[in-house]
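4 protein chains.
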Amino acid sequence: MKKTSRHRLRTRIYVIVFRSDTRAGRLFDLVLLWLIILSILSVVLESVASFRAGYLPYIRVAEWIFTTAFTLEYGLRVYSSHRPWRYVFSFYGLIDLLAFIPAYLSILFAGAQYLVVIRAFRLLRVFRILKLTRFSNEGNILKSALKASRYKIIVFLTTVITLVTIIGALMYIIEGDESGFTSIPMSIYWAIVTITTVGYGDVSPQTPLGRILASILMVIGYGIIAVPTGIVSVELARATDEAKEKCPACQTPVYPRGARFCSNCGKELRAG
Amino acid sequence: MKKTSRHRLRTRIYVIVFRSDTRAGRLFDLVLLWLIILSILSVVLESVASFRAGYLPYIRVAEWIFTTAFTLEYGLRVYSSHRPWRYVFSFYGLIDLLAFIPAYLSILFAGAQYLVVIRAFRLLRVFRILKLTRFSNEGNILKSALKASRYKIIVFLTTVITLVTIIGALMYIIEGDESGFTSIPMSIYWAIVTITTVGYGDVSPQTPLGRILASILMVIGYGIIAVPTGIVSVELARATDEAKEKCPACQTPVYPRGARFCSNCGKELRAG
Amino acid sequence: MKKTSRHRLRTRIYVIVFRSDTRAGRLFDLVLLWLIILSILSVVLESVASFRAGYLPYIRVAEWIFTTAFTLEYGLRVYSSHRPWRYVFSFYGLIDLLAFIPAYLSILFAGAQYLVVIRAFRLLRVFRILKLTRFSNEGNILKSALKASRYKIIVFLTTVITLVTIIGALMYIIEGDESGFTSIPMSIYWAIVTITTVGYGDVSPQTPLGRILASILMVIGYGIIAVPTGIVSVELARATDEAKEKCPACQTPVYPRGARFCSNCGKELRAG
Amino acid sequence: MKKTSRHRLRTRIYVIVFRSDTRAGRLFDLVLLWLIILSILSVVLESVASFRAGYLPYIRVAEWIFTTAFTLEYGLRVYSSHRPWRYVFSFYGLIDLLAFIPAYLSILFAGAQYLVVIRAFRLLRVFRILKLTRFSNEGNILKSALKASRYKIIVFLTTVITLVTIIGALMYIIEGDESGFTSIPMSIYWAIVTITTVGYGDVSPQTPLGRILASILMVIGYGIIAVPTGIVSVELARATDEAKEKCPACQTPVYPRGARFCSNCGKELRAG
Numbered sequence: 001m002k003k004t005s006r007h008r009l010r011t012r013i014y015v016i017v018f019r020s021d022t023r024a025g026r027l028f029d030l031v032l033l034w035l036i037i038l039s040i041l042s043v044v045l046e047s048v049a050s051f052r053a054g055y056l057p058y059i060r061v062a063e064w065i066f067t068t069a070f071t072l073e074y075g076l077r078v079y080s081s082h083r084p085w086r087y088v089f090s091f092y093g094l095i096d097l098l099a100f101i102p103a104y105l106s107i108l109f110a111g112a113q114y115l116v117v118i119r120a121f122r123l124l125r126v127f128r129i130l131k132l133t134r135f136s137n138e139g140n141i142l143k144s145a146l147k148a149s150r151y152k153i154i155v156f157l158t159t160v161i162t163l164v165t166i167i168g169a170l171m172y173i174i175e176g177d178e179s180g181f182t183s184i185p186m187s188i189y190w191a192i193v194t195i196t197t198v199g200y201g202d203v204s205p206q207t208p209l210g211r212i213l214a215s216i217l218m219v220i221g222y223g224i225i226a227v228p229t230g231i232v233s234v235e236l237a238r239a240t241d242e243a244k245e246k247c248p249a250c251q252t253p254v255y256p257r258g259a260r261f262c263s264n265c266g267k268e269l270r271a272g
Numbered sequence: 001m002k003k004t005s006r007h008r009l010r011t012r013i014y015v016i017v018f019r020s021d022t023r024a025g026r027l028f029d030l031v032l033l034w035l036i037i038l039s040i041l042s043v044v045l046e047s048v049a050s051f052r053a054g055y056l057p058y059i060r061v062a063e064w065i066f067t068t069a070f071t072l073e074y075g076l077r078v079y080s081s082h083r084p085w086r087y088v089f090s091f092y093g094l095i096d097l098l099a100f101i102p103a104y105l106s107i108l109f110a111g112a113q114y115l116v117v118i119r120a121f122r123l124l125r126v127f128r129i130l131k132l133t134r135f136s137n138e139g140n141i142l143k144s145a146l147k148a149s150r151y152k153i154i155v156f157l158t159t160v161i162t163l164v165t166i167i168g169a170l171m172y173i174i175e176g177d178e179s180g181f182t183s184i185p186m187s188i189y190w191a192i193v194t195i196t197t198v199g200y201g202d203v204s205p206q207t208p209l210g211r212i213l214a215s216i217l218m219v220i221g222y223g224i225i226a227v228p229t230g231i232v233s234v235e236l237a238r239a240t241d242e243a244k245e246k247c248p249a250c251q252t253p254v255y256p257r258g259a260r261f262c263s264n265c266g267k268e269l270r271a272g
Numbered sequence: 001m002k003k004t005s006r007h008r009l010r011t012r013i014y015v016i017v018f019r020s021d022t023r024a025g026r027l028f029d030l031v032l033l034w035l036i037i038l039s040i041l042s043v044v045l046e047s048v049a050s051f052r053a054g055y056l057p058y059i060r061v062a063e064w065i066f067t068t069a070f071t072l073e074y075g076l077r078v079y080s081s082h083r084p085w086r087y088v089f090s091f092y093g094l095i096d097l098l099a100f101i102p103a104y105l106s107i108l109f110a111g112a113q114y115l116v117v118i119r120a121f122r123l124l125r126v127f128r129i130l131k132l133t134r135f136s137n138e139g140n141i142l143k144s145a146l147k148a149s150r151y152k153i154i155v156f157l158t159t160v161i162t163l164v165t166i167i168g169a170l171m172y173i174i175e176g177d178e179s180g181f182t183s184i185p186m187s188i189y190w191a192i193v194t195i196t197t198v199g200y201g202d203v204s205p206q207t208p209l210g211r212i213l214a215s216i217l218m219v220i221g222y223g224i225i226a227v228p229t230g231i232v233s234v235e236l237a238r239a240t241d242e243a244k245e246k247c248p249a250c251q252t253p254v255y256p257r258g259a260r261f262c263s264n265c266g267k268e269l270r271a272g
Numbered sequence: 001m002k003k004t005s006r007h008r009l010r011t012r013i014y015v016i017v018f019r020s021d022t023r024a025g026r027l028f029d030l031v032l033l034w035l036i037i038l039s040i041l042s043v044v045l046e047s048v049a050s051f052r053a054g055y056l057p058y059i060r061v062a063e064w065i066f067t068t069a070f071t072l073e074y075g076l077r078v079y080s081s082h083r084p085w086r087y088v089f090s091f092y093g094l095i096d097l098l099a100f101i102p103a104y105l106s107i108l109f110a111g112a113q114y115l116v117v118i119r120a121f122r123l124l125r126v127f128r129i130l131k132l133t134r135f136s137n138e139g140n141i142l143k144s145a146l147k148a149s150r151y152k153i154i155v156f157l158t159t160v161i162t163l164v165t166i167i168g169a170l171m172y173i174i175e176g177d178e179s180g181f182t183s184i185p186m187s188i189y190w191a192i193v194t195i196t197t198v199g200y201g202d203v204s205p206q207t208p209l210g211r212i213l214a215s216i217l218m219v220i221g222y223g224i225i226a227v228p229t230g231i232v233s234v235e236l237a238r239a240t241d242e243a244k245e246k247c248p249a250c251q252t253p254v255y256p257r258g259a260r261f262c263s264n265c266g267k268e269l270r271a272g
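Chains as they are written, first to last, in full-length UniProt numbering: chain A, 1 to 272; chain B, 1 to 272; chain C, 1 to 272; chain D, 1 to 272.
Same shape as in the complex, but just chain A (with noise of 0.2 Å):
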């Protein structure tokens, strides 16, 4: 094999295997996508007691197809690669070979099945090749809400920890063992429990002022719901905003998408 025909092959492999503008490279993602749903049901399956009685064999076998397919993957994307070392250490290309490695493993460590639940990170996948196609911008803009909103989040997960930590503390110190309350960190778990509106009742306060406090807590979370919320709307308003196409004239956003005149200076932006 000559080096420019081993040059065309890398690049046809790159096309099929990393884009998805081709026919090959649609149906090897589309496959793929595939692959990564069935392991997973089937590593999920097996956890099923009735079923691993059943089918362990048919399990085992379709877990070492899935294996197979998923390393020879990992060797085509390093192989057609550009810069293979750059993809290796990539957050898909740790996740590629995470999606394979434990399965190897099993055979060395009799209690590598415990490691089997990395593989459920090859859903994350799913976002790689959704990252193709028209989903992109989408979550981009969700993407970018999140970071706009970080230092107002950490300010605010900053003060439901502490609100956590003192009703916490004040329910150890009202409740006691009796109710269930039988350290400070099950009672900061038991705040987390009913500030997110969960509420399991697995604990649940029992005296007069242990339920006065709890309600105030709930009353509290109710607000406090609501801080989020606000933000992530207003980011993804400003995001969603910003996303939108700018009159070349006066900057100003165009409003409605392909609308053909800038409404605040009548510029033309396209032909009737």
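DEER-style ranges, computed between Cβ atoms:
1. D:Val31 to B:Arg150: 46 to 56 Å
2. B:Tyr58 to C:Arg86: 42 to 52 Å
3. D:Asp177 to B:Gly176: 37 to 47 Å
4. B:Leu157 to D:Arg150: 33 to 43 Å
To spell it out: a stretch of chain C is covered by chain D in this simulated footprint if at least three of its residues, at any positions, have a beta carbon under 8 Å from a beta carbon of chain D; those stretches are:
5. 152 to 162
6. 192 to 202
These aren't lab readings, by the way, just hints derived from the structure by calculation. Just so it is clear, the structure is predicted and the values come from calculations on it, not from any experiment. Even for Gly, the Cβ is constructed at its ideal location relative to N, Cα and C.
Take the given structure of chain A and dock chains B, C and D to it, following the hints.
Coordinates of chains B, C and D only, in the frame set by chain A:
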């Protein structure tokens, strides 16, 4: 009966059955709405043991009256429709059919009482009636907002499903059978119950590590609940906006509120 | 007492009782607010068994003092009002009457202690007092936002009721009596508890199929909770906007509150 | 030591202790932040029975180190402050004092372990440290949004309290002692647990009428949760907006985005 008079009869029935801009049409819709509500009430009450014991014969009679009425109505719709087959295979046409079919099936098959539930879809017919009123516009705004959000919501749901699967698998390893985390699907069910802040408490973590992981999941869920709210708020604001002032020249909605030029035809709306 | 002096007395009482722009009027409102709060506190405490055992005579005395005070106040309102009947049949007039009627009924009928609960509506009178203060404007913005959202909310509630009925019926068939889904109304109650994310856990699915359906309902409920929030946010933003000052020259809303020049046409709004 | 050199020392301490724009100041803040976190961790761990059994002497030593450090720090702050009394009675001054006082009290009074919880307020000091960084701006936006919403939130909370009291009283009458609704306060506690969608399930309705009322409360709560979210979203959008473009002539924020004239001084910002 001559052909023209038959044609006139079909047109009259069409106006009463399909439209609601005449007195008779509005009365028909109102009677139908009440029949639907009463028929669902009768199915619901039949399921209550104490009620079934005392009033079963009355319920049965009532149900057959409803079934006859809905069958008759379906016949009238097919007869009067200009394109009968198009109606039969439309969304509302199928719901109209499913509204009485299970009742007839229950004569042939003893176990058909399970199919009676399909009759609950009759409630959706309320929307068709509402569609003819001023609710239509509001419903369209909601529908448009949800449609515009669909890609963002798919990205969001994929993230949630990935998160729930990974956390579910981790909790299965950490907690194990004693705490009720008997399989990964069971753990995923618990993770969904937790992240959506429902929190039944039928399964809840018992180990310190499990409680820490659950706390992290709750706080994440707390932040995540903000995302769909933000998405729908932003799109709803846009959809509401789009239903505003229209250009007197080309009927395009005017953006933004108080814009000086129409964004579609460039007509000056207000003097500078 | 002459007619003019009687008229003057009625006017003075009116100013004190119905308005709060004088010292005496404000004092009257404040005393009334405290009487309402104390009377509700006494009803609430009476229901606590340990408290009733020790302090019943005191509570009874206190309640008769409150009843006398509210009766007297009602008399003054009817006497001083310009259109007594209009007051009597107004919303607040009826609440004022219901604030003391049950107390008198409890003399005639032994079981009238059940009617005492109506007295809790006295709390709503707080709004009438607040209405006369700066809270009025904020309350009107909230009311306007909710009123503008009413059709959207009706469409939304109809969807939720339909969904809850259909899911309730399905869960009744899938889960059955063993899991606590004893009838369709019971299942609908469970579906409401789930979709609103309350999640008591008194009834929860036990079968795999039931858990899958419950998971779907929870995720849907997750998305659905976004809709009313979005609706209210949008309308609240609009109502807040509409309560803003507009430029007399170009009708553009004035930003920010108390701005000196219009941001659109530069017209001077207030002297520097 | 001369007066000028003492003055210079005080100024140097002030710069390190109160400010964070020097290397030493930033290091001081960082060390303090870690001391606060470690001291809270030690209080939290002391409450865990298994941990207390094994490591109590070490915890005690650690706590005395923290107490000494915080006492020293308090002394330095009082010594270096230009207006010592103003600092002592400020919010953070009081929290600094409460951070070590309970530890000394525990020598005199055996039961002072209950007062140790006040030490958890030390976590709030994190905000003072954060205040000196870029988080300050975000915190101010959140604070400004919450402040602007305060009347709306009071109106909202009054409505919730009225609703919860009336529903609580009704449920007490309907359900009674058997279902756990032992008094009106207990029923109000249940109503708060329900309306905030926490839903522990320690108390839940058992009668059909009670379940219907509970369902109504949940659906209302569903709509009500939208109100504070909407309020905060709207105010947050306004507060975020206010932190935007400023007029080059008078430094007033420019409204709305892209406005042509400054709303304060009338300066033309962009050509028409």
